[in-house]
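Line by line, the protein sequences give chains A and B.
Per the working numbering: the first sequence = residues 888 to 1311.
Per the working numbering: the second sequence = residues 96 to 297.
Note that these hints are calculated values from the structure, not bench results.
A hint or two may mislead.
[Claimed, not checked] These stretches of chain B come out as covered by chain A in the derived footprint (C-beta under 8 Å, 3 or more residues):
1) 147–159
2) 194–204
3) 246–253
Computed from a predicted structure; not experimentally measured.
Where is the CB? At the ideal position from N, CA and C, for every residue including glycine.
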Amino acid sequence: MVPYSQWFLAGAASLLAMVAVVVYVLALNRRLQQSKHELEKEIAERRRAEERLAEKENRLRLIIESEPECVKLQTIDGKLLEMNPAGLALVDAERPEEIVGSSVYRFIAPAYRSAYEALTKRVFQGESGVMEFQIISLKGHHRWLETHAVPLLGSSGETVALLGITRDITGRKRAEEEMRRHNTELAHVSRLTMMCEMASTLAHELNQPLSAISNYTRGCMRRIRSASSTREEILAAMELVCVQAERAGEIIRSIRAFVKKGESSRMPSQINAIVRDAVRFADPEARQHGVGIRLQLAEQLPPVLADAIQIEQVILNIVRNAIEAMDSMKFGKREIVIETALGECDALEVRVTDTGPGMSSVKFEEVFDPFVSTKPTGMGMGLTISRSIIEAHGGRLWATPNPGRGLTFRFKLPMTREVHDYAA
Amino acid sequence: MLPESTVFVVDDDEAMRNSLRWLIESVKLPVETYASSAEFLDAFEGMPGCLILDVRMPGMGGLDLQGKLREKSICLPIIFISGHGDIPMAVNAMKAGAIDFIEKPFNDQVLLDRIYYAIELCKRMRKTREAQFNIVANYRLLTSRECQVVEGGVAGKSNKVIAAELGVSWKTIEVHRANAMRKMQANSLSELVGMVLHLRAA
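With the rest of the complex left out, here is chain B (with noise of 0.2 Å):
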């Protein structure tokens, strides 16, 4: 079973962490609560959820802990608030990849649906995030021949164009796709190129 999605805040403000705590538990979410961007990073061990992050604490503040998180690729959707209508802090967090910035203080309703939102987000990405790593890892398994058949058809070159730039039979070239396809997991071609064009990609 997956480990359940966990609400982390990490506030410098007591009451703040407190009243956080006790808004998010009565939808009877997990919550847990930090003091300091460092508090946190000691204590987190990469579990599914959202965090939501105060932007100005002493010590590490929030944009800090974003790019701590991200040099780590940790994958864990922000949500910041912020006391202040801080415009060119609220652009940096969200070109970082924060699903939110949020001014307080705020509507209960908004921050719960951008709570839930986030952690659907997360449960997404690791989804992706595993497909990708398994992408990477069954194309570890193809031989140089099967990538160079692979790497043609992705090219949209047509099993004779490949046998014939590779010196080999047509025949040969369809046992090395099958070989590739059946390595890759995919059921498809279109499906085996878009593997191939997401790992690029990523």
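For reference, chain A alone in the conformation it holds in the complex (with noise of 0.2 Å):
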């Protein structure tokens, strides 16, 4: 028989065990709602910071559709992976589907892609860039760009893609080429100007071979009459008529060239060959002053980027004015030395050093001035142009005087890649 307090206890137990149950199910489903509760919060707090980023995405996203200028995305082989409306105006686009995806040298003019992979390529490299290039557009749009190309970084550092931010320089370039355009002009018909005040002298320069011509001629004629000279020895008088004839086809060779209208041509010249051009045409006027002019080249000098009708002239234009203010030296040596020298910062560098009264300080100022002239006859543009001419060639021209007396006319020409690469 199962003694009553053995039920009791049991009983009690049970009891004990059930309020154990019910405790332990309350604290669990309270443990639930708490975790329901947190859940629902972070669940929200979720929602607000997706709303958050989608608003500052679409933030983002306004400011570059809304940017000016052109701004894209693309992969190391040149393909599109995006671009805002105003780079899809750049190209004559009208959708992005027209042009995202596809490559962008379809719009870059062919003269350009080799550069703008190179850029591409040191872009994927980590390295950032600009480059001015022109572009094609869908219509056929001749356009002229500048852009400034950076990597794009992924999360774990690697360049994902190139960020281009480009604008549209049509306008620029336009004003610049314009600029070009009136400086070339500007420089020819000083050029003319310069060539009608120099034209006497070169009208005795041309004298000399055929006046040497008519007297070798008239002789052979005199001592064929009179059976006076062998054979050989009017053959010999014959060759040197043919020297002095072509002596006089050389004058008149190098005149037309100096006169020439045109494009300036750009090409990589000899600044010594410029020189001793110049010197030629400037001789005869500097004999005739009696001024002797001084060569000091340095030898091996690397070619520059330039225009050597437009040098020679820069030249000219200096040893004119040299000649012209010795002009009115009673005393002293008259002369001019002309050196060229490599310069610093990969620059080649002219000197022209006269031997003349100089100048005041508040005239020296004012040489480079249009229309300021020391001679009754100038117009007083040959500095001004000299000057416009060696900066548009990315130089600088200017004057120093002498330690003894006279003036130093200097001017600095750099030499560019694209001359190292050609001369290579």
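Join the two chains, each given in its own frame, into one complex according to the hints.
Pasting the structure below:
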């Protein structure tokens, strides 16, 4: 028989267990409730974050979309990933689908493709760069663009795309071109003026070979008539006639080349050759005024990218100014020394030194101003044009007084990478 | 025998020098060429002939050389050649005694004619100069009394007047005059007067 106390104990234990279960369930429920609440909160928070992100992205997109300059993403092989409306407008596309996914090289003008390719490669190596290039739009319009390209980095730091910000510089290029043409025109007019001024000297220079030809020929005729010379002697004289005819032709050719009109054409040129050409022109005038021209040309100078005729014009201008300056001198040596040298910063330097009376410091600054002339017949454009020619070549023209007497005009011309490549 | 007349050419242009030599030698005249005025002055030894001179040269120009020659009283007729129709320069050259101012390029016959003329002129000038030199030398031989008599004659005075002025006899004046004429190598009174006038002019 089971004792009553045992029943009681069993009953109490069951009750306890039940209470424990109920308490546990209640606690469980509460934790569940808590978790649910936390979950809901988290969800809400996440939603808010997502909303914020979306808003942020939206704002970013809006900025990019409304950005007046072209923003684009592209792959290493030139595939367009994205482009904003400003970019679409540059290439005359109406919708992104027209061009996204295709290659940027379909727009880039052939002459700039390899340079663009090189830039892209550099960007994917982590560098950034700037370049100017020309494109041909879907509608066939030619435009000048300037792009700043930077690498777009992924989460692990690798370059995932090229980010390019590009602007239309067609207007600027056109203005530059207009300016260049204007300068070329001005330089040409001033060359013609200079030639007019030098006409009598050049005529004299031409007269020398013509007179020599006349003398030789008349001499030959007399000797043939009087049979006083041998065949060989006559032939030798005829040979000299030819040399003089060629000399005359050379003078005319160089005048023609000098005054020729046309687009300025920059080519890799030897500065020493340009100096010699200029001196050949200036020499008769120098001799007339009792001025000696001495050359001190550095050997083996690299070529410069320059319009040889325009640089010759600058040298001629400076030399003629020097001759004129020394003309008023009653005493003293009249000499012009032209030096060429390899200057600092990859530049060639040309120095023209005279032994003239020099110039006061006030006039010094003025000589480069237009319409300032020390000559009664001068237009005062020579040095102004000279300076604009040198500056258009990326160089500099200036003057300094000599320690002794006279002035030195100097100009520097940069040697460009292109020229190095060309020379190599 | 007199030294042969030479054509001296001074021009800084080599082709001009050589072609002038060729042309002038074709008429068998001796030619010497110089590249500058200084070179010519160094080498010149007073030979007879003529000078063909370029006006415009570096250093000493043609007109400067003309001046230098005159300074040194070197008598050598000058034919200037020039490439310019430079009128003021031509005027100066001619004023300073140049024979001609020829513009390049020139006709050979014109140049050669001028050269012949210049050479003749040089010979004449040398003769006159020699004569003048003799007159000067002879005049120096006269005594002061003989000079007075000659001066009187030049002034157109008769022997009688001169005798009265000098307080000597007419006969004495006659002797002085005869001596003077002998010393001056004059054949007549008029020749003697001519010589003295020439002397004064020079």
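Quick one: which hint numbers does this structure break? Sort them smallest to largest. Going through the list in order, the structure violates hint 3 alone and respects the others.
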